[in-house]
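Trainee: Just need the whole structure built from these sequences, with the hints factored in.
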Amino acid sequence: MNPSMLSKIVLATMPYMPLKYNRRLEVVVGLILMAKDLWISDLQSGDMVEQEISIQGWVKRSRSSGKIIFLSLRDSTGNIQCVAKKDTLDEQKFADLKSALIESSLVITGTVKEDQRSGGNEISVSDVEIIGSVNPEAPFPITESAMAAADGGETEFLLDNRHLYLRTSRMTTMLKIRSSVFGAIHSYFRGLDFVEYQAPCFVAGAVEGGSTLFEVPYFGRKAYLTQSWQLYAEAAMPALERLYTIAPSFRAEKSRTRRHLTEFWHAEMEIAWGGNDDVMAHGEALVRHICATLLEERSAELESLGRDLEMIRRFAENPFPRIRYDEAVERLQALGVDIEWGDDLDYSKEKILTADFELPHFLTHYPKVAKPFYHRPDPEDDKYVLCHDLLAPEGYGEIIGGGERTWSEQEILERIDEEGTPREAYEFYIDVRRYGGVPHGGFGLGVDRVIAWLAGAEHIREVIPFPRDSRRVTP
RNA sequence: GCCGCUUUAGCUUAGCUGGUGGAGCGUGGGACUGUUAAUCCCAAGGUCACAGGUUCGAACCCUGUAAGCGGCGCCA
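Here the first sequence stands for residues 34 to 508, numbered as in the numbering used here.
Bear in mind the hints are in silico, worked out from the structure with no lab data behind them. Note that this is a predicted model, so its numbers are computed, not measured. Among the hints, erroneous ones may be present.
Think about it this way: if two alpha-carbon atoms lie no more than 30 Å apart in a straight line, the pair counts; the simulated DSS-like pairs of lysine-lysine are [unchecked claim]:
1. K126 to K69
2. K69 to K209
3. K119 to K146
4. K93 to K118
Mentor: Right, dumping it as structure tokens:
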């Protein structure tokens, strides 16, 4: 279909639309943009006072008396109050508007007025068309009381009605912040000439411990959903040298915490010719870039969530401290925590360690016994591996895990045997090392965790549209 | 895998030591020309999650089941 045909069809099917040109799309693809091109944020900007406009949106709330209706209209950019008076609107239209329930969609025509009584601009309504009405026998179920009960968290009812909860201002705000975080990750890596690279979701072997794999039937065989892009990225490392992805990873953990999802978005990177410190530098720079991007693009949204912008500025502008595992253990022991050298740092210990942190901290050089085979042992002391975790403050826990990879064939075989892992499952991974292996490394960042941390969400579920955990796959 | 908690109207909830379940919001009807979660009047709406048990009598006590939520371990 050619572009002019498309716009004609649109013109024919949407006669109520005030058609305008979208300059950017017109220039890029020579296409007339046919959909909505006037937004509530435009009306609130103040540039359109006294102009006659038509605007599409949904009813956020409505109040009426016998002769006047106050209706708060919302779209994806904000809210504006519409005022309809019985003596200036057709009788039938007035009745239609009065009966429009919350989340009815409509097109309002009227004049933009500056009015202190509505705290900004409002629309003096001259015409209205209801597009999608709402049945009074089944009104929009997300009520004030449902929202108030959640008070920033989420109730069972809101989780069951997630498809409708998405329209509320809190969820919309979270999704806008989420979009900016994804954008920041792409702009960071692309700005440094990394290549975006995709790995399969169906895999044959585990990256992390095998117990957390989702098994799926695969034409009479068993396959698993990927836990990480890493092993496939290491295969492409000699080809691309700098690569990254943002993709879902799956973990069949029965965890029920504010930090866990079974399907989460994983930003991962891999670089050739680099070691633990190089990888860590990228992790820090990426997280600081995300913070700076949010300050630039989403300050209003963060403030509406009650976030302290100065705190996020602190994350953006200061280097992240680095401490070795040994030092962390000593600190914890000094605080009276029951921990021995060689124990992994579980969440309860992380929480104690990070309680006073004003910045994210890197924890490096874990004992070899606490980490899987692909971590490279430290040549200076092979009790340790060259790895790092980035711990976020405020109890949000680990947001990055990464490090240098075991890169020679001999070393990887030793580590696999030492762990008792069967070699067969990793044949391609080992083979990659037989042809010009080089030092390399990478990290994985839990995108949803970063968003939850920066947005101050009570639970990771609040920052993903349709959360998946061990007890919920619907809606 | 382990521990804890919850379930009363569409939503949010009150319901004391067991004695015929109340309210706010929402919905419907009515009043009101500047409301900000508008206000005022009226109405409809309940097998108290389900199944047993104890009791003269159970939303309430006991047992089981189900669904959900919170947390731990593990991890991003």
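Trainee: Output the indices of the hints that this structure fails to meet, ascending.
Mentor: Violated hints: none at all, because every hint is consistent with the structure.
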